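Those sequence lines, one after another, are chains A and B.
Numbering follows our numbering, in which position 232 of the first sequence is assigned residue number 1041; successive positions increment by one, without gaps.
Numbering follows our numbering, in which position 517 of the second sequence is assigned residue number 543; successive positions increment by one, without gaps.
Everything labelled a hint here was simulated from the structure, so no lab data went into it.
Note that the coordinates shown come from a computational prediction; the quantities given were computed from them, not determined experimentally.
Misleading hints may appear alongside valid ones.
[Stated by the list, open to error] Derived lysine-lysine pairs resembling DSBU-like cross-links, with alpha carbons at most 35 Å apart:
#, chain 1, residue 1, chain 2, residue 2
1, B, Lys364, A, Lys851
2, B, Lys447, B, Lys408
3, B, Lys408, B, Lys128
4, B, Lys447, A, Lys851
5, B, Lys569, B, Lys128
6, B, Lys364, B, Lys276
7, B, Lys451, B, Lys364
8, B, Lys408, B, Lys364
9, B, Lys569, A, Lys851
10, B, Lys408, B, Lys451
11, B, Lys451, A, Lys851
[Claimed, not checked] Output of the computed footprint for chain B on chain A, the stretches with three or more beta carbons under 8 Å from beta carbons of chain B:
#, stretch
12, 845-857
13, 862-868
14, 876-889
15, 1023-1029
By construction, the Cβ of each residue, glycine as well, lies at the ideal position given by its N, Cα and C atoms.
This is what each chain is made of:
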Amino acid sequence: MTEGLSWVPSTIDTGLPSAARIYDYLLGGGHNFAADRELAEKFLLAQPNARTIARLNRAFLRRAVLHLADAGVRQFLDLGSGIPTVGNVHEIAQRAAPESRVVYVDFEDVAVAHSRMLLEDDDQSTVLQEDMTDTDAVLAGVRDTGLIDFAEPIGVLTVGVFHFVPPERDPVGVVAAYRDAVAPGSYLALSQFTADLQPEEMTGVVAVMRRSANPMFPRTHAEITAMFDGFDLVEPGVVPLPLWRPEDGAVEEDADRAGIFAGVGRKK
Amino acid sequence: MSPPARTRRQDIARAWMRAVYPTAYVPMSPVEIELYLLELVDVIAAATQAEPFTVEPVAVVGDRLVEAHFTGPETLQRTVEVLGHALLFAPELQDVPRLAEKVVAILGCLSTSFATSMRMDAFNQQEEIKLALLAAKLRAERVLKVSEARFREVFDSSAFGIALTDLRGECVDANAALADMIGADRAGLIGRRLIELFDPADVDELVSTYRAVGEGRVERVREQRRLLRADGEPVWVHLAVSLLREAEGKPSHHVTMVEDVSELHLLQKNLDFQLLHDALTGLSNRQHFLTRLETLHGTSRGGITLYYLALDAFSVVNNGLGHAVGDQLLTEVGRRLKAVVADETAAVARMGGDEFAIVVANSPTTPTVPAMVERINEALEKPMDNGVALSASIGVVDRPAAGWDVAELLRAANATLRRAKAGGKRQWQTYDRHVDQRIREHQSRAARMPGALADGEVEVEYQPVVDPTGGQVLGHLARLRWEELEHDECLELAEATGLSLALGQWALREAAGEATASDALGVLHFELSPMQSRDEDLVHTVKRTLDETGLPVSRLRIFLDTRSMLDGTGEDNAQVLRDNGIATGLARFNGGQAELSLLADLPVDSLILDPSVVRRLAERPEGFLHDATAGMVRLIRSSGRSVLVPDVSTPERAAWWARVEVDAAFGDHLAPAVPGYELAH
Ligand SMILES: C[S@@+](CC[C@H](N)C(=O)[O-])C[C@H]1O[C@@H](n2cnc3c(N)ncnc32)[C@H](O)[C@@H]1O
Chain A
810 MTEGLSWVPS
820 TIDTGLPSAA
830 RIYDYLLGGG
840 HNFAADRELA
850 EKFLLAQPNA
860 RTIARLNRAF
870 LRRAVLHLAD
880 AGVRQFLDLG
890 SGIPTVGNVH
900 EIAQRAAPES
910 RVVYVDFEDV
920 AVAHSRMLLE
930 DDDQSTVLQE
940 DMTDTDAVLA
950 GVRDTGLIDF
960 AEPIGVLTVG
970 VFHFVPPERD
980 PVGVVAAYRD
990 AVAPGSYLAL
1000 SQFTADLQPE
1010 EMTGVVAVMR
1020 RSANPMFPRT
1030 HAEITAMFDG
1040 FDLVEPGVVP
1050 LPLWRPEDGA
1060 VEEDADRAGI
1070 FAGVGRKK
Chain B
27 MSPPARTRRQ
37 DIARAWMRAV
47 YPTAYVPMSP
57 VEIELYLLEL
67 VDVIAAATQA
77 EPFTVEPVAV
87 VGDRLVEAHF
97 TGPETLQRTV
107 EVLGHALLFA
117 PELQDVPRLA
127 EKVVAILGCL
137 STSFATSMRM
147 DAFNQQEEIK
157 LALLAAKLRA
167 ERVLKVSEAR
177 FREVFDSSAF
187 GIALTDLRGE
197 CVDANAALAD
207 MIGADRAGLI
217 GRRLIELFDP
227 ADVDELVSTY
237 RAVGEGRVER
247 VREQRRLLRA
257 DGEPVWVHLA
267 VSLLREAEGK
277 PSHHVTMVED
287 VSELHLLQKN
297 LDFQLLHDAL
307 TGLSNRQHFL
317 TRLETLHGTS
327 RGGITLYYLA
337 LDAFSVVNNG
347 LGHAVGDQLL
357 TEVGRRLKAV
367 VADETAAVAR
377 MGGDEFAIVV
387 ANSPTTPTVP
397 AMVERINEAL
407 EKPMDNGVAL
417 SASIGVVDRP
427 AAGWDVAELL
437 RAANATLRRA
447 KAGGKRQWQT
457 YDRHVDQRIR
467 EHQSRAARMP
477 GALADGEVEV
487 EYQPVVDPTG
497 GQVLGHLARL
507 RWEELEHDEC
517 LELAEATGLS
527 LALGQWALRE
537 AAGEATASDA
547 LGVLHFELSP
557 MQSRDEDLVH
567 TVKRTLDETG
577 LPVSRLRIFL
587 DTRSMLDGTG
597 EDNAQVLRDN
607 GIATGLARFN
617 GGQAELSLLA
627 DLPVDSLILD
637 PSVVRRLAER
647 PEGFLHDATA
657 GMVRLIRSSG
667 RSVLVPDVST
677 PERAAWWARV
687 EVDAAFGDHL
697 APAVPGYELA
707 H
């Protein structure tokens, strides 16, 4: 992606499915194109539980943000934020604490164009179009917004995004760069696909997504835990989505078919 | 409201939350959702009780569900299921007159408002995404003229009409969809004042709309307006107008998006793509299938063949092994069916529950219908991971004439399936117009039934149950009648339309009332439909009926449907009825081994034989079957249970049954059913 011109919609290739739009479709959103829906259908064939997984992932994001807000975090950096749908981070955070500030980062055009529109009237939140693995560019961009104070704790959210980061982009190094940039007492919330739970389905999904703008890379429980290096994992550690601090009255969900591991850590 | 009523409403809200929570992502905690739904339960309960009754207040329920994003493919269905049951049985609603019909009307209204809101919501989202693109494009253009081609693609392929106007209101650009809607030439639109395309009656208001948006007084406007077609016909549209600004914030253009919502258009257009897929199997759902069917039917040169199939005894698997296994099986069935037609131009869909449909566009290499049926059966018979092997019954419509519309096709296939199913497992049939005519009448009746019940057209009659030897009347059996339809047909229709619970409740109350008023009626014999027999709230319903009518428990005998006891779901009902001192029997008992063993397990003291047993004996010359039946009757009676015989049609048959020493019999020969007012009071 060419910096500076990164929002040029020449990159909106409506014929090439994107993860952001497929996810939106799975969540029942309408911000997607025919090619996305077609691929989403194939995704569903490979992983029939995909809609549930999308829902569980989004629900984890919400619980994680509320947990951080409870812990006093008032600024959030949402990496791979996706197409705004229901329950966006600034909505959740600002409902919990109105002064909360949020910087969204995504590299997908529709996601960014749409976030921009949504945030037009909100001067506590903004969106940057960057590749989140390009950590220098992201951090510089975040500083430029003036919204985030790096001396105060920050909630770094990478929810449902690292499975799009190939090993050669060094995911552990990417997390480490953000970790080193934020103050102690900051948090990392992370969720990502794994083949540990349903190996067969995951193989199918990887095959399907090879044809999209965002191929996928599932990781093991150990690999995901290793990404929290330098953080203390909060209870219950790295677990399938629905098992991460379920709320009172929650409907029981099938953790074995949840596809994604999730965890939250606090920087030492 | 009394505290118990409040708690009960909370229970309903909780059950509702649990049912819809897995169907869509809603950014609230379970407790918050429950409270949100509780407010809606209040709205519905109030509407149910209000006099005079109107469904209008319930319309907001659909809107509120969509507003909170309860918009999953199964949200509505589950909502209707939960509320349907809850409303019929909420104690606080029990005194509401004509409750069942009101519930039907309320659920209908809720569904309609839900669907309408979903459409609006989809329109809004689509409009937003286009607007975001357009904004990105205009910004980009000033930097670099690159995106034109790709942008055109989105602009042109959109089903919405889109027009870009300058601030004087002249069209700078318009897409093909807009030109189509008004039957004009796209190029001809450029340079015209957009407002001229609308009905003159709307123009004044539109002018102020555009001004308001242009001056930034409002962000965006959405209205219903009429476009005028070139031929002068008005076209109703949803209209959304917004303003595009240059980077410095100066207004530069208006964007107008319109969606055709004229009725014709609405009818043709199925619900939005969000609703097009079955969440479980990933196959197309009914809506989507209709579209595919239409396309293939319209374009296939070799004609199409439509297969409509239902898994046999799937409910047994589902109840026996649990829903998770059931879900896996359905998914696997979907996969296998896709594989069966992988080499064909075809579409496979899950039509709901355990029903699937396949449409194949015939080519010279397409297998014949029997060969295809064979393949389908083979695909299903291969045991699944958990060892379960399935079979299906199939209705086939082969190469229908071009004139058929899709609804007709689907209906014919479905009716054929019903016929195949009636023949047992693993059956298939091809469509036959004559038989279909009768089925269609039956179905149109089914559709009319709720109304008929509401209008008092369905009646309860009372057929004397007599001692076949002495002839004295032992009691009366309640029978339904509607026009020329007899009891069994009424029940069957009610079961098919889901009205069975409501109808059964109503009939029980009616009959108990009559029995209380007329001592001559003796013991009221009441046969339950299969659905009623399995109903969890059965005992409650019966006890309440006794309380309210004052009928002594000694004058009621309830007969449960035998087959509903066999799959285990209704067994508890027999026990609990008995525990409450209510005499309980089995109806439609055919004496099979499984049924005989039920007698050992259930505390029943009587049974009514299945009409088919009686019919078969009547049709055949005296022989083995007769001896066997006589033996069975003896055996059952020696265990202390009494045997009742239905449908006794001739004096000879009555005499035969008397010899076999059954305890009681009824039938038109012995004494016809009579309306309540003919009983002695
Ligand atoms: C599945 S969505 C998750 C959205 C949101 N975080 C949530 O959990 O609900 C993943 C998003 O990550 C974005 N993404 C993937 N790789 C990225 C990268 N290297 N840099 C920025 N965004 C990325 C995609 O465009 C997509 O919008």
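Consistency of the hints with the structure:
Using a Cα cut-off of 35 Å, the hinted pair B:Lys364 and A:Lys851 holds, with the two alpha carbons roughly 12 Å apart. As the CA atoms of B:Lys447 and B:Lys408 are separated by approximately 21 Å, the hinted pair is consistent with the 35 Å bound. A threshold of 35 Å between alpha carbons decides the hint, and for B:Lys408 with B:Lys128 the separation of about 47 Å lies outside it, so the pair is violated. For the proposed pair B:Lys447 and A:Lys851, the alpha carbon gap of about 32 Å is at most 35 Å, so the pair holds.
Of the pairs offered as hints, the one joining B:Lys569 and B:Lys128 holds, with about 23 Å between alpha carbons and a cut-off of 35 Å not exceeded. For the hint pairing B:Lys364 with B:Lys276, the CA-to-CA distance comes to about 55 Å; that exceeds 35 Å, so the pair is violated. A distance of roughly 22 Å separates the Cα atoms of B:Lys451 and B:Lys364; the hinted pair therefore holds under the 35 Å criterion. About 15 Å separates the Cα atoms of B:Lys408 and B:Lys364, which keeps this hinted pair within 35 Å; it holds.
At most 35 Å may separate the alpha-carbon atoms for a hinted pair to count; B:Lys569 and A:Lys851 exceed this at roughly 53 Å. The straight-line distance between the Cα atoms of B:Lys408 and B:Lys451 is roughly 16 Å, inside the 35 Å bound, and the hint therefore holds. Restraint check for B:Lys451 and A:Lys851: satisfied, since their Cα atoms lie roughly 32 Å apart, inside the 35 Å limit. Using a Cβ-Cβ cut-off of 8 Å, 5 residues of the stretch 845-857 of chain A lie near chain B, which meets the minimum of three, so the contact claim holds.
Residue count for the stretch 862-868 of chain A with a Cβ under 8 Å from a Cβ of chain B: 4. That meets the three needed, and the coverage hint holds. Judged by the Cβ-Cβ criterion of 8 Å, the stretch 876-889 of chain A is not covered by chain B as claimed, because only 0 of its residues qualify and three are needed. A stretch counts as covered by a chain when three or more of its residues have a beta carbon under 8 Å from one of that chain; for the stretch 1023-1029 of chain A and chain B the count is 0, and the coverage is violated.
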